Amino acid sequence: MNNDIVGMLLKAWTVLVIAFLFIPIGVVILYSFNGGRILFIWEEFSTFWYAAALDNHRILNALDVSLRSALLNVAISVALGTAAGIAIARHAGVWTKPFMFLVGLILVTPELVSAIGQVIWFNRVGLDQGIFRLAIAHSLFNTALVTVIVRARAEGISQTLEEAAGDLGAPPWRSFLQVTLPLMLPAVIAGALLSFTYSFDNVMISLFVQRPGASSLPVYILSSFKAGLRGDVAAVVVMTLCVTIVLVVLSALLLRGGARRVNAF
Amino acid sequence: MSTAISVQGITKRYGNFVALNGVDLDIEHGEFLSLLGPSGAGKTTILRMIAGFDRPDTGRISILDRDIVNLPPHKRPVNTVFQNYALFPHMSVADNVAYGLRQERTSADERRARVREALDMVEMTTMAHRRPDALSGGQQQRVALARALVKRPAILLLDEPLGALDRRLRAQMQIELKALQRETGIAFVLVTHDQDEALALSDRIVVMRGGQIEQIGTPSELYDLPRSAFVANFIGSQNFLQGDFEQSTGRFTTPEGIVISAACVEPGAAGEALAAVRPENTAITTSRPEGVSNAVHGRLIQGLHMGDSIEYVVRPASGGALFSRQPRKGTPEMTIGTDVWLSWSPEETSIFQPDAEIVANLLKSTNRG
Amino acid sequence: MRHMNALSRKWLPLLPATAWWAFFFLASLIGIVLYSFALKAPIDAENPVSFEILSLSNYGEALSSVYVHVFWITIRTAGVGTAICLLAAFPVAYLLATRIRPQWRLWLLFAIIFPYWVSFLLRTFAWRIILAPEGAFSKALQHLGILPGPLTLLDTQMAVQMGIIYNYLPVAILPIFVALERIDPALRRASADVGAGKATTFLRITLPLAMPGLVGAGILTFVLAAGDYVVPAILGGARGLMIGRLIALQILEAQNLPLGAAMAVVLIVALLAAGLIAALLLAIVRRVDRRLQGASL
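Chains as they are written, first to last, in the numbering used here: chain A, 17 to 281; chain B, 463 to 831; chain C, 26 to 322.
Incorrect hints may have been included.
[As the list claims (entries may be wrong)] Lysine to any residue pairs mimicking SDA-like chemistry, simulated, CA-CA at most 25 Å apart:
1) C/Lys-35 / B/Val-584
2) A/Lys-113 / C/Ala-44
3) B/Lys-640 / B/Val-584
4) A/Lys-27 / C/Leu-131
5) A/Lys-113 / C/Phe-48
6) B/Lys-537 / A/His-107
[Claimed, not checked] Which chain B residues stay away from chain A? Per the calculated CB distances, all over 12 Å, these:
7) Thr-465
8) Phe-479
9) Asp-529
10) Thr-716
11) Val-721
12) Ser-755
13) Phe-785
14) Ile-820
15) Ala-822
16) Ser-827
Source of the hints: derived by calculation from the structure; they are not laboratory data. None of these values were measured; they are calculated from a predicted model. Glycine included, every Cβ here is placed at the ideal spot set by N, Cα and C.
Next up, chain A with everything else stripped away, as it sits in the complex (with noise of 0.2 Å):
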């Protein structure tokens, strides 16, 4: 009885939670659809702010930005994390504490500081390409995040298997090609869109490292806010996130299902 009445709390408070969570997200995603001049003050439905939106060639450009600093950033991220990680998996040493001690570093430093290092270091050293500045502080975290993430799948996955293939036959460089990084290709890509989103989605530091004419578009997003709210503003907020969701789920079956769906051959 006692039980029954402590798992019916503890169930009621859970979609409690869970609602609190969910209805500010489906009230943006309500609201972008909002015909009126004014965003909070519902009029009538329509899809008005969505073509405004994507005529609005400032939005546009910022999309560019933030996608090509995206991808660049995820260019970097992968190509040193997944090194890194299927290193630090493989051969452990001396190494490997401090090494991790940096990865760690890196994930634990509030976005700000980071964000205050990057805009005196780069203005020190003068970079002052826009889409570099973004790509390049956004690749230090990512940097860390795939190579966690690609590190624990190397460590799922026997070094036998490599050992096997040299077994039959098959040099390091072909074992490598042929087992080692099919079974890593879900982590990879996983990581590979977790750095996206995060760059994507990132406010503060695009904020700090940001140049005048390459803002990314959550900056750009964020200083709208400050001249009013508009629906168009909100439309775009919606897209993104429709991206986020795609990405996201996308890694996380990665993940999940891991190498049984990818084949190599």
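Dock chains B and C against the given chain A, drawing on the hints supplied.
The following block gives chains B and C in isolation, referenced to the frame of chain A:
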């Protein structure tokens, strides 16, 4: 028969741990050889060195008089069946088996034919398009065998291949393994810690301990003529008595004054020694038997049913426990708690130099009794 | 020799990432510390930062009463937010870890993680719609007679507090869930088996074993909340202040990098100090707890 692979003077250290200490071993063409020993004896290390995954600190490994120590694994004419099979999870059964042939750039036609042949051999043809994770443990085992055998290696290395299977499946796979070895004529080198498996399958067994070879021999040689107390104890079961051996007279006397005569004596045994007899070579009677030189008096404390036999546990006055195994049919049941005599002939008795581990165990059981 | 080469090559794949971080991350951290001792250069100078005089004057300013007040508000907002997040998160994590059918668990877990992957801006922005004085929610409350006039929460510290709790609640749930999930259910059964009541089992077995998860969740939430800029910027208006906003103001508007750097250093020190105090409090609680247990024996 001629030598397929020769291992000479191999040593290997990992920090302070000596994994192998001067191992010499010749593996003959077409033989079934087992490396048997407790964990940490160095069995797997030898296997990994033959395969090329580890390098010895010193010594030679040669095929046809060519030293292969510096040859990487992919250039050696040996193949391995790994402990957990190590099947490639992202390839079908057929692709797993074909993998080694692809590395040799075998023509597509020949590859197909050989993969089919190998899968037929292990009766896995119907599963050719499945993924490894859709197979049972026994089926994965067969695929691993086919994948290695399809390469037609000079030697097949098997690292505890049956360890992950349940008992019934194990027994079945042992029969198949032996049949495969006969059929292919390839030398099999099996690492195992299971003495029954080694006895059942092998032409020769290498008993290892602490990085060294204790004895090499056929199963019956090891069983009947173990060269040391360790081998005697590790293969089959054994009753040990502690005592004093006088080399000149050949007399073994226990502290209680029981005199034991023995037909086999380990070279070098003198002074403190162990007398050994297998439980199945002893007789158990209620009165002292006539004309048998070796007999110990004690109380019958237990009778354990072993299926086709009964194992009696006898506690002598000096403490500890001695075992006697009797066939279930044809022996009258004994009453627990009665005084009995355990006796055996000198032909079944061996004298060994004392072995620290066995003596320690004897002392433990004596103190407990 | 060959062997040595093979050994020394094993760390080679770590080199590119390490070099990347060393040049862009570690160097930038050192940059923050160095800049915090420099001064903002006059407007017409070529370099906006002058290293001619190194001084502690930035720290003097960062620790002046105005900023200390904002630091205090930041720590308070983050602290209160963390406490409420932990309280709200624990029952959810507990349900998720112990009392849910496996087929439901994954969905619930997904439902909790999902909001965290939704753009931070969107989630914060949503509250401006919900809390808008002329919005539907405000009107509904007035209509029901709960509020005499329009909602006035927006652009206050209260709205910032709410935004913090809302945004970091998922972050708090996960570590607690992981810790609770690792507890072997047999321990709870064993405790019940030796006659402990449900409350005793919870207080003596479950809660202590979940403590590392609670501490982890607390630290994570606190650090993220204290360094936040977006929530106060969107929901705080002129009255909702957190240090993140002031630092951004110094760097982005006033172009005073040295002062911003000094404030960042103070923030890190304050976070470390808060962490240290939390660890100390926890140790004291544990010791007192052990004493009490000892006394009851």
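Each hint tested on the structure:
1. For the hint linking C/Lys-35 to B/Val-584, the alpha-carbon distance of about 39 Å lies beyond 25 Å, and the restraint is violated.
2. Straight-line distance between C-alpha atoms of A/Lys-113 and C/Ala-44 comes to about 16 Å, which keeps the hinted pair within the 25 Å bound.
3. For the hint pairing B/Lys-640 with B/Val-584, the CA-to-CA distance comes to about 12 Å; that is within 25 Å, so the pair holds.
4. Pair hint A/Lys-27 plus C/Leu-131 holds up; C-alpha atoms about 15 Å apart against a cutoff of 25 Å.
5. A threshold of 25 Å between alpha carbons decides the hint, and for A/Lys-113 with C/Phe-48 the separation of about 20 Å falls inside it, so the pair holds.
6. Taking the CA atoms of B/Lys-537 and A/His-107, the gap is near 24 Å; set against the 25 Å cutoff, the hint holds.
7. The claim that B/Thr-465 lies off the interface holds: its Cβ sits roughly 22 Å from the closest Cβ of chain A, which is beyond the 12 Å cut-off.
8. Residue-level check passed: B/Phe-479 sits 17 Å from the nearest beta carbon of chain A, beyond 12 Å.
9. The non-interface label for B/Asp-529 is consistent with chain A: the shortest C-beta to C-beta separation is roughly 19 Å, beyond 12 Å.
10. Listed as a non-interface residue, B/Thr-716 keeps its Cβ farther than 12 Å from every Cβ of chain A; the least gap is roughly 51 Å.
11. Here B/Val-721 stays apart from chain A, with its beta-carbon at least about 55 Å from theirs, past the 12 Å limit.
12. Listed as a non-interface residue, B/Ser-755 keeps its Cβ farther than 12 Å from every Cβ of chain A; the least gap is roughly 55 Å.
13. Residue placement check: B/Phe-785 keeps its beta carbon more than 12 Å from all beta carbons of chain A (closest about 41 Å).
14. Once the 12 Å rule is applied to beta carbons, B/Ile-820 is consistent with being away from chain A; the minimum gap is 36 Å.
15. At roughly 36 Å from the closest C-beta of chain A, the C-beta of B/Ala-822 stays outside 12 Å, upholding its exclusion from the interface.
16. With a cut of 12 Å on Cβ distances, B/Ser-827 stays outside the contact zone with chain A, its closest approach being about 40 Å.
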